[in-house]
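So the sequences go chain by chain: V and W. Numbering-wise (the working numbering), the first sequence opens with residue 2 and increments by one. Numbering-wise (the working numbering), the second sequence opens with residue 2 and increments by one.
In short, the hints are calculated from the structure, not lab data. There's no promise every hint is true.
Unchecked claim - Facing chain W, according to a computed beta carbon distance under 10 Å, are these residues of chain V, among others:
(1) Phe20
(2) Ala201
(3) Asn334
By construction, the Cβ of each residue, glycine as well, lies at the ideal position given by its N, Cα and C atoms.
Protein chains: 2
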Amino acid sequence: MQRFVNNPDFVVDDMIKGFVKAHSDIIVHSNKNKRVVKYKNAPVKDKVSIVTGGGSGHEPAFLGYVGENMLDAVAVGEVFSSPPAKAFLDAFLEVDSGKGVACLFGNYAGDTMNVKMAVNMAEDEDVLVKYVVATDDVASAPKEEKHKRHGIAGGPLMWKICSAKASKGASLDEVIETAKQVVDNTRSICVGLSPCVIPAVGKPNFTIEDGTMEFGVGHHGETGIKVEELKPACEIAKEMAKTVLDDLECNKDDELIVILSNLGSTPIMELYILYDEIEKIISSYGVKVYKALIGSYVTSLDMNGACLSILRVDDKLKELFDMPCYCPALTIN
Amino acid sequence: MQRFVNNPDFVVDDMIKGFVKAHSDIIVHSNKNKRVVKYKNAPVKDKVSIVTGGGSGHEPAFLGYVGENMLDAVAVGEVFSSPPAKAFLDAFLEVDSGKGVACLFGNYAGDTMNVKMAVNMAEDEDVLVKYVVATDDVASAPKEEKHKRHGIAGGPLMWKICSAKASKGASLDEVIETAKQVVDNTRSICVGLSPCVIPAVGKPNFTIEDGTMEFGVGHHGETGIKVEELKPACEIAKEMAKTVLDDLECNKDDELIVILSNLGSTPIMELYILYDEIEKIISSYGVKVYKALIGSYVTSLDMNGACLSILRVDDKLKELFDMPCYCPALTIN
Chain V
2 MQRFVNNPDF
12 VVDDMIKGFV
22 KAHSDIIVHS
32 NKNKRVVKYK
42 NAPVKDKVSI
52 VTGGGSGHEP
62 AFLGYVGENM
72 LDAVAVGEVF
82 SSPPAKAFLD
92 AFLEVDSGKG
102 VACLFGNYAG
112 DTMNVKMAVN
122 MAEDEDVLVK
132 YVVATDDVAS
142 APKEEKHKRH
152 GIAGGPLMWK
162 ICSAKASKGA
172 SLDEVIETAK
182 QVVDNTRSIC
192 VGLSPCVIPA
202 VGKPNFTIED
212 GTMEFGVGHH
222 GETGIKVEEL
232 KPACEIAKEM
242 AKTVLDDLEC
252 NKDDELIVIL
262 SNLGSTPIME
272 LYILYDEIEK
282 IISSYGVKVY
292 KALIGSYVTS
302 LDMNGACLSI
312 LRVDDKLKEL
322 FDMPCYCPAL
332 TIN
Chain W
2 MQRFVNNPDF
12 VVDDMIKGFV
22 KAHSDIIVHS
32 NKNKRVVKYK
42 NAPVKDKVSI
52 VTGGGSGHEP
62 AFLGYVGENM
72 LDAVAVGEVF
82 SSPPAKAFLD
92 AFLEVDSGKG
102 VACLFGNYAG
112 DTMNVKMAVN
122 MAEDEDVLVK
132 YVVATDDVAS
142 APKEEKHKRH
152 GIAGGPLMWK
162 ICSAKASKGA
172 SLDEVIETAK
182 QVVDNTRSIC
192 VGLSPCVIPA
202 VGKPNFTIED
212 GTMEFGVGHH
222 GETGIKVEEL
232 KPACEIAKEM
242 AKTVLDDLEC
252 NKDDELIVIL
262 SNLGSTPIME
272 LYILYDEIEK
282 IISSYGVKVY
292 KALIGSYVTS
302 LDMNGACLSI
312 LRVDDKLKEL
322 FDMPCYCPAL
332 TIN
């Protein structure tokens with residue numbers, strides 16, 4: 002295993018130590034829980050706090066989205082594994098200003114269970130927490146069961162927009178309402194070309210045969226919609242774009258914010274090759290790209306693949322997206 | 002070859018098309034040369050223009066550093082191959098405001114030859130161009146022959162700081178002077194764990210055996226200082242940090258801007274694991290990190306490895322680094 006690790010069982014703690022050192026201008030480690038990192042100015046007076054959490058291995062998610070006009074805190078789990086309820090709870094308690102906490106996370110059984118427990122525990126401490134789960138992965142359940150879908154690389158759009166909403170002085174219910182609007186209007190699809198290796202395991206826990214691709218692969222290697230022969234980039238891009246545009250039922254004159262995220266080891270050059278065709282398909286629907294983010298936004302260790310996420314925006318969501326922010330994973334000025 | 006490509010011979014043109022679409026808010030394609038991209042507002046009135054260029058495969062370098070208070074134009078070469086003189090020339094001519102052009106690029110024989118030719122051709126068109134070559138790679142030549150060293154991931158520091166200098170109204174000579182100061186104070190070292198694959202070749206053009214690492218590998222797989230047994234991350238990080246700190250002759254109370262760049266396929270988690278130890282070593286020298294950038298800044302397709310770059314800064318360089326900028330690869334607010 003050709004990797005930069007010390008003890009493979011301690012990669013998460015080692016990573017967090019490096020992360021808080023690298024970004025000490027904006028981020029601090031919780032004093033109470035070594036698996037919680039927070040915005041250095043949190044709690045921000047009279048502001049609804051925004052918290053998320055999830056398994057590690059998806060860097061820069063989740064912890065890279067903590068910062069100014071971004072997340073207030075993140076609960077950090079083991080690789081591809083939910084943080085414990087206690088980590089979510091400690092994150093809530095550390096950053097609540099008295100205005101309540103919005104916990105905005107991706108739909109996975111472990112995360113949902115732990116967040117629900119943490120929300121109840123927080124109630125005992127008189128901290129009000131409401132939550133919204135992202136369900137952007139169109140490959141993980143049919144449209145009729147959208148609530149069962151997983152959350153993947155669309156998450157940063159929810160965090161960015163809801164953090165801005167909170168910074169503008171919105172109430173907890175208003176932030177939750179905005180989060181639901183974002184979730185309702187976000188769709189994602191991944192394509193995997195090669196699997197990833199969890200350091201403590203030392204070999205891939207799923208396979209993608211050379212010469213094939215997994216259309217709709219999940220962020221932890223979950224089986225996708227179909228295994229196909231590896232196609233030229235333009236055909237892959239076309240299939241990705243049509244899948245999300247059709248599922249979202251995009252209409253002429255809709256406007257989108259687009260994220261094309263590296264799943265890990267894909268050369269950045271190839272993301273742009275994909276994007277050339279993605280934009281063509283979006284245009285062919287009469288839909289306009291408002292902003293496009295291309296790079297590593299939510300990854301899966303060293304998985305070779307890409308995730309296309311689209312968010313349909315109205316003027317209010319555009320204004321919230323454009324509000325300046327500063328965090329390790331995304332700066333807008 | 003598990004890659005997102007159309008025709009492997011046309012990856013650069015396909016990439017540029019996607020790039021200018023994704024970043025049309027800030028970047029435009031040259032009308033005259035399909036291998037030149039430029040800042041949409043260039044030429045900026047009364048400003049010295051900053052241009053670079055180099056082979057593709059290093060994305061987000063070079064073209065991702067074009068933008069506001071950043072580069073005015075970039076000449077784009079084939080994968081791992083210098084742009085032709087004509088591309089540099091067209092970049093110069095497209096963005097010169099009459100105040101002259103600073104061409105700031107990495108030291109490789111092909112790039113240097115083409116830039117020199119382009120500078121002469123520009124003179125015939127009454128456009129004054131001066132150039133500085135980055136020589137940050139300590140592994141590529143001994144210290145006594147620093148002028149022979151290659152330019153690697155330290156480049157973005159020169160571009161950021163000199164672009165800010167130009168935006169503040171400096172003359173061409175002042176910008177060139179600043180570039181020289183940056184080059185004199187920048188050092189980089191790479192460690193490679195696995196090679197990369199050029200799409201048109203289809204297999205690695207060099208090898209790194211499993212269980213070993215190439216200390217000092219170049220950005221195109223150039224042989225490094227030594228091949229060693231693969232060590233724990235903390236030992237690799239220690240060796241990387243000591244190499245650059247000693248070569249720069251860092252003294253107590255020096256301040257550094259640090260870039261730890263992914264060479265391509267390394268999980269972001271592992272960059273932070275390396276950084277934890279890098280920061281410890283820097284601190285042990287009595288030196289302070291002013292800012293740290295961790296992520297994909299200059300890559301080599303899908304090479305598995307990391308590049309540590311350090312720049313010793315004084316108050317003037319810090320002020321220039323902190324000037325707000327906006328480009329696809331780096332936003333500072």
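Against which earlier hints does the structure fall short, listed by number upward? 2
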